[in-house]
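Chains A and L supply the protein sequences, listed in that same order. Going by my numbering, the first sequence opens with residue 1, and the numbers climb by one from there. Going by my numbering, the second sequence opens with residue 1, and the numbers climb by one from there.
Heads up, a few of these hints could be off.
Unchecked claim - Stretch by stretch, here's where chain A covers chain L in the computed footprint (C-beta under 8 Å, at least three residues):
| no. | segment |
| --- | --- |
| 1 | 70-77 |
| 2 | 112-119 |
| 3 | 138-145 |
| 4 | 250-262 |
| 5 | 298-307 |
Calculated from the structure, these hints are not laboratory results. Here the structure is a predicted model, which is why all the values come from computation and not from measurement. Just so it is clear, CB atoms sit at the ideal spot from N, CA and C, and this is done for glycine as well.
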Amino acid sequence: MKILVALKQVPDTESRIKVAADGRSLDPADVKWITSPYDEYALEEAIRIKEAKGAEVVALSVGTDAAKDVLKNALALGADTAVLLKGDGQGDAFAVAQMIAAYVKDKGFDLILCGNKGLGGDNAAMGPMLAELLGVAQANVVVKLELGDGTFSAERETDGGSELVVGALPAVITAQKGLNEPRYASLKGIMAAKKKTIEELDAAPAVAGAQVSALALPPERPAGRKLEGEPAAQAQALLQALKDEAKVF
Amino acid sequence: MILVFCELKDGQLRKPSAEALSEGRRLADASGKQLGALFVGASCAGAADAAKYGADAILTAEGGTLASYSSDAFAQVVADAVKAKGATVLLAAATAVGKDVAPRAAARLAAGYASDVTGLSMVDGKLQAVRPVYAGKAFATTSFASAVQVATTRPNVFPAAEKAGAGAAEALATPTGDFKSVVKEILAKAGGKVDLSEANVIVSGGRGMKDGANFKLLEDFADAIGGVVGASRAAVDAGWGLPHSMQVGQTGKVVSPTLYIACGISGAIQHIAGMSGSKFIVAINKDPEAPIFKLASYGIVGDLFEVVPELTKAAKAMGIGSN
Numbered sequence: 001m002k003i004l005v006a007l008k009q010v011p012d013t014e015s016r017i018k019v020a021a022d023g024r025s026l027d028p029a030d031v032k033w034i035t036s037p038y039d040e041y042a043l044e045e046a047i048r049i050k051e052a053k054g055a056e057v058v059a060l061s062v063g064t065d066a067a068k069d070v071l072k073n074a075l076a077l078g079a080d081t082a083v084l085l086k087g088d089g090q091g092d093a094f095a096v097a098q099m100i101a102a103y104v105k106d107k108g109f110d111l112i113l114c115g116n117k118g119l120g121g122d123n124a125a126m127g128p129m130l131a132e133l134l135g136v137a138q139a140n141v142v143v144k145l146e147l148g149d150g151t152f153s154a155e156r157e158t159d160g161g162s163e164l165v166v167g168a169l170p171a172v173i174t175a176q177k178g179l180n181e182p183r184y185a186s187l188k189g190i191m192a193a194k195k196k197t198i199e200e201l202d203a204a205p206a207v208a209g210a211q212v213s214a215l216a217l218p219p220e221r222p223a224g225r226k227l228e229g230e231p232a233a234q235a236q237a238l239l240q241a242l243k244d245e246a247k248v249f
Numbered sequence: 001m002i003l004v005f006c007e008l009k010d011g012q013l014r015k016p017s018a019e020a021l022s023e024g025r026r027l028a029d030a031s032g033k034q035l036g037a038l039f040v041g042a043s044c045a046g047a048a049d050a051a052k053y054g055a056d057a058i059l060t061a062e063g064g065t066l067a068s069y070s071s072d073a074f075a076q077v078v079a080d081a082v083k084a085k086g087a088t089v090l091l092a093a094a095t096a097v098g099k100d101v102a103p104r105a106a107a108r109l110a111a112g113y114a115s116d117v118t119g120l121s122m123v124d125g126k127l128q129a130v131r132p133v134y135a136g137k138a139f140a141t142t143s144f145a146s147a148v149q150v151a152t153t154r155p156n157v158f159p160a161a162e163k164a165g166a167g168a169a170e171a172l173a174t175p176t177g178d179f180k181s182v183v184k185e186i187l188a189k190a191g192g193k194v195d196l197s198e199a200n201v202i203v204s205g206g207r208g209m210k211d212g213a214n215f216k217l218l219e220d221f222a223d224a225i226g227g228v229v230g231a232s233r234a235a236v237d238a239g240w241g242l243p244h245s246m247q248v249g250q251t252g253k254v255v256s257p258t259l260y261i262a263c264g265i266s267g268a269i270q271h272i273a274g275m276s277g278s279k280f281i282v283a284i285n286k287d288p289e290a291p292i293f294k295l296a297s298y299g300i301v302g303d304l305f306e307v308v309p310e311l312t313k314a315a316k317a318m319g320i321g322s323n
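Here chain L stands alone, though its shape is the one from the complex (with noise of 0.2 Å):
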């Protein structure tokens, strides 16, 4: 069986575990597998949804000890239900909570991991992931030496491909107590936007932007269009009030998605490290010798604090974004 550790928002799939489904589903086709969906958690109310992406089988794990998220008993039950269902793959999307519990489930179950891949494919019956290193200048090919193989994926890579699974649901034992961590409370919530590493389009301003507040014209044109704002390292370590959770690179988050907009961003290495990985990539900046122009798909040479507005404007007058 290929197992896959998902997740639940407000009872609703989450698009990465969706997607890390659809990718098991595909591994599952190529070998001749059967596809489990794993869930645990105080209330599991939504799991029946893996069996759209696939799962043959929706294993749940639920009790009122697993209600606040704990590395270590989450990863023993992991661990447990790979055992238990005899899985020689165990995927998770590369979450804050898959990459916290598959590496620890991995060691557990004395199996190699490979974080984030971007790509995975069975190589006489053994898992193979190709995984972006040194934060995607270069891509490392994974092969596993252990039985068990497990992998977490990068969101917002694989399709999140519907096909119906019987979804046959079963219910594993929970564990009692005594965890050696447990998260006793969420202090800051993403709210109604989507996180950098998950968002499909990204407005993202550098040392251009010139100041913190200049960063309100970015998050109006990132609202018009539906995106979320990102900075690059110059941006968050020049005393702006940005936090570092905004910050895109290699040393901030490694993104990919359809569409990543520089404004006021040169192109240090280590930024385009964080978001070469983008499918569409527009660069606007005043000066046209700029380095993230090589990677442009559409560039402009011009004042940001000019071009800017007048995306938003036109976004809105065009309607994008609305639909």
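Chain A extracted, bound-state conformation (with noise of 0.2 Å):
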């Protein structure tokens, strides 16, 4: 079995968001850059998959050498080989979705795996975009993964509820919280991924769907007041000015 885990370098969720001077792009200056957090569960299931009935596990990433470190994290953790599609890491999620899919055309891959979404753009895309360029199936937002001769059957969430989705292999699977625990690289872990080089390749020429073009943070929102007295007289004080003055009730 071949599974790729498609990785997205992103800033650390503690991290407070600036506006760069073009006004239309996240000013890196302080920001830590972290692998984002959905794709960590994709990482760690690939990893399981291998260690319980044998994978090989390529890591992928589409950016700048600064993707480098989300690479050299999976290494650590446990994938076998990694990837970095060179790009200016600006396109959309469909512009990532078509350079990912150039390079998974033909190379036999029976799984890709990636979060459910990117932090920070917050997309939801690029896995059921990626699905479609190369035609197989999907399955988002999963909890629980099976694997059998050829098929999958995926847990995924819905709204307020969950669903099983079985399918055919290929497919693409984007992970969430609660599809498992993702371990810590290991000390050996870390020094044998020392030993690895990441395979550097052009991103494949994309088209954008999207673009942003301003960027800006949210409103202030107005001072409130705050509700004195004891908990009775507070706790009546707050309904009682959600009903009248902001008309909640």
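Combine the two chains into a complex, taking the hints into account.
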């Protein structure tokens, strides 16, 4: 079995977001970069499949040299090889899906795993777009995955519930928190990863479908007020305010 | 034409779909286009409701092969409908199905896609979208390079305004089967309660709840005011047995209810990112310096174990939630 894990480098969740001078991109100063958390579940699942039934795991990222950190980490965690599709990292989900599809084509992957969304862009689009471009099955926001002989069975989160999706391999599966508990890299893994090289390829040409023309911070929230008194009085005052001022009820 | 992929639940138009239709109507009026509502499934009974939200045409792809949701089959039907109608804009609500089918259909149409948008407009005949990025820490204005433009609308943001439309019915062809994947079984239903992402009122608990069992206090209060219970990442990760589906924040659900009541939540950046789109925020916390108070429309500095039961009692006494 051959598994591809697509990984994205994103700003850490505790980062404060600042807009760059161009007015449409993120100011990278002071930003700590991490592997998108949902992609970590995808990678862990690939490694678990490899441990359980044997598989070749290829880690892939699209971007500049900076994305190599994500791939080094993936190698330390247990990916067999790593590929960087070099580009300016500016493409939309559709462009990235085209670049990955061009790489994946004819390489015989049985399974492609990635996060259900890249933290930050929050598009939740690359996985399903890749599945369509490759003409394969998809299951998104997956919390449980089982593989059969050329088939998969995946539990996915829906609006307040869950459903079981069954389909044929190859497939694109996008991971959700709860799929597994990602491991930490071992010292042995980190040392072994240092001996591995990251294959660098130029990303295939791609056409973007959309672009960000402006990035802005949300408006300041109006100042609120504190409700004083004993708990019973505070409770009464709050509900009255929500009813009369906010007109929520 | 502006085409809106719509969903039915128990034979009724889902509210997020009604919201997407209403926004589609507004965009169609602004650009002199027709509005089409598209329904896909084994039975599309109830589709006529789309006329209430301004649909000029109601398109149904109705057939046994579509009884269970299939990402590839639905994407094919949707993309075919866009092509057949010459639609330039495709909208869907950002629900579990909408977010699954819309990007796949977009790729099939070589179209740009903006997900979970909170604002839409027509600029020089093309769609322009505003959408939260970094879970709401910033907003991106997205413009499209493609001929067809696809977007999903965030639930609870666009008003569902009734406006009568002609609602001319038209049946579309359905695929014969042999799909790449299909939903075999519904494992868990939402039950009577709406999902967090659609909820109008959310009562959420954090580390200050001290234990999973204490969330009963929040459930009682939420029941009294017609709300749904959520949790912070700290609470979900604390090993209290709370499911991840309850988590509000950057790595959980991003919500935009009318009212968000944060109980024992300090207000970590990643949590604020997930709920700062709420219209009114109430913070209940022992620590007067908790960052959550900076966002709060109303703040109560106090012990949630004393305040929340009083709120439940007062809500019942005032008859809130019964209307």
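Hints, one by one, checked against the model:
Taking a C-beta to C-beta cut-off of 8 Å, the segment 70-77 of chain L contributes 3 residues in contact with chain A, enough for the three needed, and the coverage statement holds. A count of 5 residues in the segment 112-119 of chain L with a Cβ less than 8 Å from any Cβ of chain A is obtained; the coverage claim is therefore met, three being the minimum. Coverage of the segment 138-145 of chain L by chain A holds [criterion: at least 3 residues with CB-CB distance below 8 Å; count 8]. Residues of the segment 250-262 of chain L with a Cβ under 8 Å from some Cβ of chain A number 6, which satisfies the need for three, so the listed coverage holds.
As drawn, the segment 298-307 of chain L meets chain A at 8 residues by the rule of a beta-carbon pair under 8 Å; at three or more, the given contact holds.
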